[in-house]
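Novice: Those protein sequence lines, which keep their order, are chains S and Z. Just so we're aligned, residue 308 is where the first sequence starts under the working numbering, counting upward by one. Just so we're aligned, residue 308 is where the second sequence starts under the working numbering, counting upward by one.
Just so you know, nobody snuck in bad clues.
One side of the interface only, derived from the structure: several residues of chain Z facing chain S at Cβ under 8 angstroms:
#1 Arg325
#2 Val326
#3 Glu327
#4 Leu330
#5 His331
#6 Leu333
#7 Pro336
#8 Leu339
#9 Gly403
#10 Leu404
#11 Ser407
#12 Ala411
#13 Leu414
#14 Gln415
What follows is a list of derived Cβ distance ranges for each label pair:
#15 S:Ser364 / Z:Ser320: 31 to 41 angstroms
#16 Z:Lys421 / S:Ala413: 26 to 36 angstroms
#17 Z:Gly385 / S:Glu322: 43 to 53 angstroms
Hints listed in this document are in silico derivations from the structure and should not be mistaken for laboratory results. Yeah, the Cβ is synthetic: ideal placement off N, Cα and C, and Gly gets one too.
Read off the chains here:
2 protein chains.
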Amino acid sequence: MTSNAARVLAHPSREEIRVEGVLHALSDPVRLRIVRHLATAADELACSRFELPVSKSTSTHHFRVLRESGVISQFYRGTAKLSCVRAEDLDTLFPGLLDSVLGAAALQAERLGKS
Amino acid sequence: MTSNAARVLAHPSREEIRVEGVLHALSDPVRLRIVRHLATAADELACSRFELPVSKSTSTHHFRVLRESGVISQFYRGTAKLSCVRAEDLDTLFPGLLDSVLGAAALQAERLGKS
Numbered sequence: 308m309t310s311n312a313a314r315v316l317a318h319p320s321r322e323e324i325r326v327e328g329v330l331h332a333l334s335d336p337v338r339l340r341i342v343r344h345l346a347t348a349a350d351e352l353a354c355s356r357f358e359l360p361v362s363k364s365t366s367t368h369h370f371r372v373l374r375e376s377g378v379i380s381q382f383y384r385g386t387a388k389l390s391c392v393r394a395e396d397l398d399t400l401f402p403g404l405l406d407s408v409l410g411a412a413a414l415q416a417e418r419l420g421k422s
Numbered sequence: 308m309t310s311n312a313a314r315v316l317a318h319p320s321r322e323e324i325r326v327e328g329v330l331h332a333l334s335d336p337v338r339l340r341i342v343r344h345l346a347t348a349a350d351e352l353a354c355s356r357f358e359l360p361v362s363k364s365t366s367t368h369h370f371r372v373l374r375e376s377g378v379i380s381q382f383y384r385g386t387a388k389l390s391c392v393r394a395e396d397l398d399t400l401f402p403g404l405l406d407s408v409l410g411a412a413a414l415q416a417e418r419l420g421k422s
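Okay, chain S solo, but in the shape it has when bound (with noise of 0.2 angstroms):
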């Protein structure tokens, strides 16, 4: 029980969530790459499954800013860290926030010629 507890995440709960945290989070193109990849999954990501330009410990600094900021949740299953977005928690906070922030960076990807 002790080690499974020690492997719980921290996270904020709905009511310390911020905007200008989630903002913040979001404005890294790696960290907005990451939250599309996961709003467009059916169910939880595992953190190893996302090819990202970027070092590991890089990685794990970015799925930390999110998970802080409460953009999203993360817990182990097994030897898996797996994620997925607050979609429900950032929605009674800030409605239609993440949805809005989900199209322009689809927009600009479009745009730009990337995806």
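Got chain S sorted already, so can you dock chain Z onto it with the hints?
Specialist: Frame of chain S; chain Z shown alone:
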């Protein structure tokens, strides 16, 4: 004419505005406050009309970040530096993004008991 030309401030063209830069600019509480104020103003506002809890140089820095990210435009009228939100550019590039950020900020301010 030369002295006037030297006082024209550099702005990104609409095509140069990036969603990451806009989100970064809006992720700071003071900058978000400036933009909320500008967005509700009937016309452009002078920087000196803002009462901000920061020094003049910090305030100038925040306005520059907003301008260089494409969130606001700034221009001189006489000795006053005026600012306004680039709402049309932002809405064309990223439909609904600015409104959802402003809406989220307003909801949060209401929830936390701040204006």
